[in-house]
Amino acid sequence: MSDPMRIRAVVKGEKVEVKILIAHAMETGQRKDAEGTVVPARYITKISASCNGREVLAADWGPSVSKNPYLSFRFKGGAKGDKLKITWTDTAGDSRSDEVSIA
Amino acid sequence: MFPGRRRLLIQLGRTGLAALTLASGLVPRLARAVEARPAFTAAGITDALKALGIANPAQSEAIHFRAPDIAENGAAVPVEVESALPGTREILLLVEKNPHVMSASFSFPDGTDAYVATRVKVAESSLIHAVIRTDAGAFYNAKLVKVTLGGCGG
Amino acid sequence: MKVTGMTLVRARWLLLAALCATAPLTLADDASPDVGAAMRRSFEAKHQAGMERLNQDDVQALCTRYTPASLPPAAAALIQQASLASVKPPAAGQYLGDYRRGEQIAQTGTGLQSSDDPAKPNGGNCYACHQLAASELAYGTIGPSLQRYGKLRGQSPAMLEAAWRKLYNPQADVPCSNMPRFGHQKILNEQQLKDLMAFLFDPASPVNQ
Amino acid sequence: MTTCCARRGLGAVLAGGALLLTGLVQAEDSTQDAIAEYRAMFGDDNPAELWQARGEVLWRAPRGPKKVSLQACDLGLGAGVIDGAYAQLPRWFDDTGQVQDLESRLVSCVTTLQGIPREQFLKVKFGDGDQQSDLEALTAYVVAASRGKPIVLPLRHPAEQAAYALGKAVFRYRAGPHDFACATCHADAGKRIRLQELPQLTTAAGAREAYTHWPAYRISQGELRTMEWRLQDCFRQQRLPQLKFGSEVAIGLTMFLAKTAEGGTLAAPGIKR
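Those protein sequences? They're chains A, B, C and D, same order as listed. Numbering-wise, the first sequence is residues 1 to 103 according to my numbering. Numbering-wise, the second sequence is residues 1 to 154 according to my numbering. Numbering-wise, the third sequence is residues 1 to 209 according to my numbering. Numbering-wise, the fourth sequence is residues 1 to 273 according to my numbering.
So here's chain A without its partners, still in its complex pose (with noise of 0.2 Å):
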């Protein structure tokens, strides 16, 4: 079970500016733990964003994104009390999603 997204998403002028930070491993499958076992590879491969329904980002990556990944952008056309809603995919299959109001 994955743990929360955190999305800050605030307007700035004509813009919402969006910076998220996301609980994940991105494991490149080369890491061993420390009893010498590998720890398969499992990274986010696909994340979007969308505001009230409407698609404002989409990104696809790879195993050399770090750690805890961290992402910011920016879009036209949001106001404060829409909703962003960012969801990612993983190599896994395991897939979240979380809303915030843009404020």
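One or more of the hints may lead you astray.
[What the hints assert, rightly or not] From the structure, some residues in chain A lie toward chain B, with a derived Cβ separation under 8 Å:
1) 11
2) 15
3) 29
4) 56
5) 57
6) 59
7) 60
8) 61
9) 64
10) 65
11) 69
12) 70
13) 73
14) 74
15) 76
16) 77
These aren't lab readings, by the way, just hints derived from the structure by calculation. Virtual Cβ for every residue (Gly too), placed ideally from N, Cα, C.
The hints should help you fit chains B, C and D onto chain A, whose structure is shown.
Chains B, C and D only, in chain A's frame:
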């Protein structure tokens, strides 16, 4: 083995035996079973761009690319890209010296700024390329990031 | 303290006598808490890092109590004398090994930690504290810069002997130095020390470029 | 496209050449400037927030055999008060008859209030990949509630004074194959290991710089690390055996650092290399 990579190995060794192997896995050689997208398994810039259908991008100063000259830790190198090129559809991040160069791609629907900030793993001192796909073709800019050692080294 | 055990036991008595005669400070008088006992209660053995590592030899005990600046001259002299006696020169007076291997040792920070593989050779971690090759930006400043070490000094027998001594047991030159006693404490073996010597002195070494 | 140069680097060289600075000083400064830029680029976007959020859930949720939350936990300022509590730790607690740091106090609360056995709770003291540490999350949450607060440690209780004295003495205890003590690296001003500047922990300025930013998210490990972890790992690198969690040396050193940093404004959890 390049000196930069070796340094990183030493640096990552600080968390012990586990980390010695972690270091080699910092930038993985991917099993095809896990990764089906050809650009993400490409070994070099040329192959990656080929997989993406991009040929001979031109360098452009209209791509603002911010990354530190020196990274204290290759596990997370902040990068910030903003494209002033009209009709920018996509920003791609490629780390030249990583065994798999392709790190991430971001696509921007109308109304979203051609801007992204994120953090990537950089195995050794390397050029990081920001490749931009626009309606009028592909462009790039690049920045050299040195990966160095910070702490006690063990 | 195998090598100098006898020397230092005697030295300790001499030191006690010297200190009692000149100052109220001795090894025995200690208003501070019993640190050694608290340490033993607060630690547990882990892998190669056994509890015996908490025990202090005489140099460690004195250098816990004093800094190089506050060390009483009598104590300094005794540390120097005993440490000098501990230095074992390399076989057949061959001081120089392979500078490439030496560079590896200087770059390697692992060895003797509870988390390290005891089967792997220990590092010297020289770059943690010293500037060496100009090309290496990630160097520490706890110790002096050793850039162009051999180029500035040449390879006279006296120079080689002095550098060997500093690597083997730096307490011989600077009592209560921060630098580990690489030879005396068997952190590095003779071949590794020779390789480091070559890293410092070889004209082809990156240190001397 | 691989022949492209580092534009920023070239610009710096041209600017420096115009000023005719000495090469060595310039190289030194530009290295430190670049490191400063690296750190600055992380800004306030600290993954430690992910631990804080998880810690808040753990703090509020009824858990353990007794199915109660930690909201009755007394961290020194009264039951359930977390605002500013970390700024006044370690401290003496009458109920346990011990000087405790935040982490050992949290363990007391979890065991006594929630009835979770100590061994079970401390099974994952320090997280690693999939193995999350509840202790680290709770610590992050409580620590963040002292952001902006000055460290206040009057040391009225004799046991607090004894802890401080022990920590101060341990700081200079040289041992192990490398003869290292905390003081080997942290007693002088302006030194660094590799490129890492070392705080001079015997001075108020140095101790504040270090203490006010711990616990911290460690970039190299992608984990939030606590002060107990920090001390344990320092001793590992000193080549000593393993420091026991909540031991008198751990508490003593924390007290010594915190007291030396007294008056400093907490900014933890921080973000570190």
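Let me make sure I understand: some of the numbered hints might not hold for this structure. Which ones are they, in numerical order? The structure conflicts with hint 1 only, although it agrees with all the remaining ones.
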